[in-house]
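What follows is each chain in one-letter form.
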Amino acid sequence: METIYILWLRQIKKYWRSKARIVGSLGQPLLFMIAFGFGFGEIYKKAGGGNYLEFLVPGVIAMSILFTAVFSGLEIIWDRQFGFLKEMLVAPVSRLQIMVGRCLGGATVAVIQGLIVLIISLAIGFRVTNWWLVIVTLVFMFMIAFLFTLFGTAIASVLKDVQGFQLIVNFLIMPLFFLSGAFFPLTGLPRALSITVQANPLSYGVDALRGTLIGLTQFGLMTDFLVLLGVIILLLTAASYLFSRIEA
Amino acid sequence: MIIEVKNLIKKFKDFTAVDNISFTVKDGEILAFLGPNGAGKTTTIKMLTTVLKPTSGEIKIGGYNPVTQKDKARHSFGIVFQDSSVDDDLTAYENMYLHAVLYGLLRSKRAEKIQQLLEFVELWDRRRELVKTFSGGMKRRLEIAKGLLHHPKILFLDEPTQGLDPQTRNHIWEYIKKMNVEEKMTVFFTTHYIEEAEKVADRVFIVDQGQIVAMGTPDELKQQTSKDNLEDAFIELTGHIIRDEKADGAGFMRQAGRMGGWRR
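Chains as they are written, first to last, in the numbering used here: chain A, 37 to 284; chain B, 1157 to 1420.
Since the hints were made in silico from the structure, they are not lab data. Be careful, since some hints might not be right.
So the derived list for chain B, only partly shown, Cβ under 7 angstroms to chain A, looks like this [what the hints assert, rightly or not]: (1) M1157; (2) E1160; (3) F1237; (4) S1241; (5) D1243; (6) L1258; (7) L1262.
Far from chain A, by Cβ distances over 10 angstroms, these chain B residues were calculated [claimed, not checked]: (8) K1162; (9) T1205; (10) G1260; (11) Q1367.
Pairs of lysine-lysine, BS3-like flavour, derived with a Cα cap of 25 angstroms [unchecked claim]: (12) K1309(B) / K1288(B); (13) K1288(B) / K55(A); (14) K49(A) / K1265(B); (15) K49(A) / K1167(B); (16) K1226(B) / K196(A); (17) K1228(B) / K50(A); (18) K1216(B) / K1269(B); (19) K1216(B) / K1162(B); (20) K1162(B) / K1182(B); (21) K1209(B) / K196(A); (22) K1169(B) / K196(A); (23) K1288(B) / K196(A); (24) K1167(B) / K196(A); (25) K1228(B) / K1182(B); (26) K1269(B) / K49(A).
Source: prediction; values computed, not measured. Cβ atoms here follow ideal geometry from the backbone N, Cα and C, with glycine treated the same way.
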């Protein structure tokens, strides 16, 4: 247990000490909210969609969680590069505990990041429909965060160096984000796109955030919960297997 | 025998880093594993310490197989790596504490033991500083302090004193020697400072191009080559040619790390 805690704490400390990183990673979500939220707002309203900023904010929160979470999983690559990975790999504790500690830390950081975006969005005009439901929002935020930290960990466990990094960002993270319904409603999409979006676990995360924050859900919160939980179990198995096989 | 190695081979694609070596190490022995760059020393240590899987051959470490009984094998040893294994974004104290937790040091003993070792390597005053502000020598000292924090049955040291001044090196070897005597801890180390091996090792293995070319006490090796110090004996046995180190995955990563700009 203490192993999990100490590695969780390590992630939190590293996050807290990189103030520049915290500020830097808020730039993008803020830009999305302002440029798209206000830029498309009028058209969206004319098309009968209602308030676009309200629609967009849960998507942007999910986005910042996605990015922070995957990157903290991928940090194993940097740990490998700077040598700390060896310290963890030869320690006489199970690698499962090490991985879980790291991932819980990464997930916590990602949730904090998501919360900061939520607070910023309130400042620029976003309104939560039911404050009590924000507790449920937090649960879902954590699920999204944990899921994608595991995802990043699984990928980093099989990567030998930083060369593949750009590839992952462009061919995995960007598609996950853009094809998740973070920007657009899921009704009336071309069939192929609709299937893709439904196969993307992030879609359920975005849907759950939207459901709990502004009371708008496509799949239903129960479906969202079960899908996310299922994928988490799947990834936990895959990531722990891959992490246990890492060689230094 | 606390370490038993039989017909150990490690191949990286077409390059054979460790070429069919066999040896045993007795309980409580101090063993120097010497060889030119690229001889396969680090690769051997990595296989003994469960971080690399052998291509073939058998290893027993503290009675356990590091391939099939990883967790049990890991309980029997501690290691000081050749390159950094500390977290630059944590302080010296935090690195020590994290290590103490990972290695199951009793909670009641942690503070005292960490202070003792940080004082020993003269980093106690800098304990609250981030490791990234440390010089190379300070990092190395922290690395050693961390490795000595718990007292394993076997201690692996891969070029532990690289880049340290003679005073510090002496100081550290005295400490290790003391642990060896008081706790019957087996010590398995590599070094390029041959005089260190001559001074502290009970036995010496000399490896070259993945094979063990000689083994024996420092005196035996000197006799065998009729030289009067171990360094000359070493050169006699391994020749005068300067070796290139094969770039492996880790070497490449170190290279990439230096280029910088990758870290967020």
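Outcome of the hint check:
no.: 1; hint: M1157; in the structure: violated, 21 angstroms
no.: 2; hint: E1160; in the structure: violated, 19 angstroms
no.: 3; hint: F1237; in the structure: holds, 6 angstroms
no.: 4; hint: S1241; in the structure: holds, 4 angstroms
no.: 5; hint: D1243; in the structure: holds, 5 angstroms
no.: 6; hint: L1258; in the structure: holds, 4 angstroms
no.: 7; hint: L1262; in the structure: violated, 11 angstroms
no.: 8; hint: K1162; in the structure: holds, 21 angstroms
no.: 9; hint: T1205; in the structure: violated, 5 angstroms
no.: 10; hint: G1260; in the structure: violated, 7 angstroms
no.: 11; hint: Q1367; in the structure: holds, 23 angstroms
no.: 12; hint: K1309(B) / K1288(B); in the structure: violated, 31 angstroms
no.: 13; hint: K1288(B) / K55(A); in the structure: holds, 16 angstroms
no.: 14; hint: K49(A) / K1265(B); in the structure: holds, 24 angstroms
no.: 15; hint: K49(A) / K1167(B); in the structure: violated, 40 angstroms
no.: 16; hint: K1226(B) / K196(A); in the structure: holds, 21 angstroms
no.: 17; hint: K1228(B) / K50(A); in the structure: violated, 31 angstroms
no.: 18; hint: K1216(B) / K1269(B); in the structure: violated, 30 angstroms
no.: 19; hint: K1216(B) / K1162(B); in the structure: holds, 9 angstroms
no.: 20; hint: K1162(B) / K1182(B); in the structure: holds, 15 angstroms
no.: 21; hint: K1209(B) / K196(A); in the structure: holds, 15 angstroms
no.: 22; hint: K1169(B) / K196(A); in the structure: holds, 15 angstroms
no.: 23; hint: K1288(B) / K196(A); in the structure: holds, 24 angstroms
no.: 24; hint: K1167(B) / K196(A); in the structure: holds, 17 angstroms
no.: 25; hint: K1228(B) / K1182(B); in the structure: holds, 19 angstroms
no.: 26; hint: K1269(B) / K49(A); in the structure: holds, 23 angstroms
Comparing the model with each numbered hint stated earlier shows that hints 1, 2, 7, 9, 10, 12, 15, 17 and 18 do not hold.
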